[in-house]
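Asker: Based on the sequences and whatever the hints tell you, model everything.
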Amino acid sequence: MLDKEGIAKRIAKEVKNNTYVNLGIGIPTLVANYLHEGINVCFQSENGLLGVGPFPKEYAVDPDVINAGKQTITALPGASSFDSAMSFGMIHSKKIDLTILGAMEVSENGDIANWKIPGKMVKGMGGAMDLVASAKHIIVAMQHVNKAGESKLLTKCDLPLTGKNCVKRIVTELAVIDIAPEGGFVLIERAPGVSIEQIKNATAGKLLINGDIPEMAL
Amino acid sequence: MKRGNFDIDFINQIKSMIYKLVTDAAAAVADITDGSTLMLGGFGLCGIPENCIQAILEKGTTNLTCISNNAGVDDFGIGLLLQQKRVKKMISSYVGENEEFERQLLSGELEVELIPQGTLAFRCMAAGYGMPAIYTPAGVGTEVAAGKESRIFDGKEYLLETAFNADFAIVKAWKGDTDGNLIFKSTARNFNPLMAMAGKITIAEVEELVEPGMLDPDQIHTPGIYVHRIFEGKNYEKRIEKRTTSK
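Sequences listed follow chains A and B, in order. Numbering-wise, my numbering comes out as the position in the first sequence, counting from 1, plus 2. In terms of my numbering, the second sequence has 176 at position 184, counting the first letter as 1, and numbering is strictly consecutive.
Think of the hints as simulated: they come from the structure by calculation, not from any bench. On a predicted model such as this, the values are computed, not experimentally measured, just so you know. No residue lacks a Cβ here, since even glycine has one placed at the ideal position from N, Cα and C. Every clue listed holds true.
Label pairs and their in silico Cβ distance ranges: (1) A:GLY91 with B:PHE(-2): 31 to 37 Å; (2) A:ILE41 with B:LYS239: 19 to 25 Å; (3) B:GLU149 with A:PRO183: 15 to 21 Å; (4) A:GLY40 with B:LYS77: 53 to 59 Å; (5) A:THR21 with B:LYS77: 42 to 48 Å; (6) A:ASP180 with B:GLN76: 46 to 52 Å.
As a list, the in silico DSSO-like pairs of lysine-lysine whose alpha-carbon atoms are at most 27 Å apart: (7) B:LYS177 with A:LYS59; (8) B:LYS239 with A:LYS6; (9) A:LYS96 with A:LYS138; (10) A:LYS166 with B:LYS140; (11) A:LYS125 with B:LYS234; (12) A:LYS170 with A:LYS11; (13) A:LYS125 with A:LYS138; (14) B:LYS148 with A:LYS97; (15) A:LYS18 with A:LYS138; (16) A:LYS158 with A:LYS6; (17) A:LYS118 with B:LYS81; (18) A:LYS59 with B:LYS230; (19) B:LYS140 with A:LYS125; (20) B:LYS140 with A:LYS138; (21) A:LYS118 with A:LYS138; (22) B:LYS239 with A:LYS59.
Looking from chain B toward chain A, a few residues come up when the C-beta cut is under 7 Å (computed): (23) PHE35; (24) LEU106; (25) GLY110; (26) THR134; (27) LYS177; (28) THR179; (29) PRO185; (30) LYS230; (31) THR236; (32) SER238.
Answerer: Now the structure itself:
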């Protein structure tokens, strides 16, 4: 079973050379720490920065330079800043190659819910509805089950949707799973030490298992 | 004597034709009445018009509709107006950092329209460019789409989203001149230039106000035509929401 860092590490393997990538808040942000050597990536932050760098040294903290999670960051050499319309313009015109974001629920046809629990929690969708509507490739980073122990991989999402038919791949502490074009969760890899039975038990939607399922290499 | 590339004598001959300079935030917001619709620039607490928010708070204006990406935190930014129940309606994309906001929303005291961040930006942009509406794929198949016209282009569905119509746009810039030209810094730019273009009346507070000619025309983000009032703000706190550093 993977911890959060492990999930980030596995997703880092999905990031291809010479691509523009948008990272969501939480586990997705950690992916930047595990990129493989020789992989050149430019991170976009939808509040208006292309070329996001690491957190600043204490003496270099600048309140005017933050990421979409409101964390203080740095701008790398070659970075550019822009307004919010241009930022979502580059998202909707498909200049961003990969979006990695968290989710509360994903359905077997690739629907995603991650912005609202009616009557309980309302944080808002931020840029997520834009990102999932237009990204070329979407990977979800999340826990397989919620805090109550219920599966987050469902036949149909119960929570209000963020987007429909958009998720391509899910990486959890238990498995790597793809969304089949005709619907269903296709098991691609097991996390180290995790059995297919465990993954079955944690998946409420239709799980498709074809042949031998390899263990992840991290 | 020279100022920028110009002789002072030359500048004195031409003068600014349109007077935009106001003394301070109180003067800038003096005619904002109860029930007004305001656009407020900023992302989180980054690039927010601190001086104007404080002046509106002190003036007692209430029943406001605020269009802003976020709602501040409990004790800073728009959160200050929420705390005193001055806001009737918020139009935002993300409000996660404000407990009082969430409380007022869940209890029904506050009317809230949550919209995708790109839609927020494009509805500002549409207003600033004189376009009545735009099409966006954000929100298709979600509750955001309820009651909205949609149309298929090239096999993909898009929602029709209308331009905002705000009485005042209140923005914060890094530098500005007395003709209203503005330059923003890094990610403090965010919604500010879009909103500046979109307000019926646009108020700009700037960290540093200079005379015309001191800013390079090629570096201006917002041309002065969009700005009706400008002043140099003071005592900027620039509060950091999440201070993250590396060793």
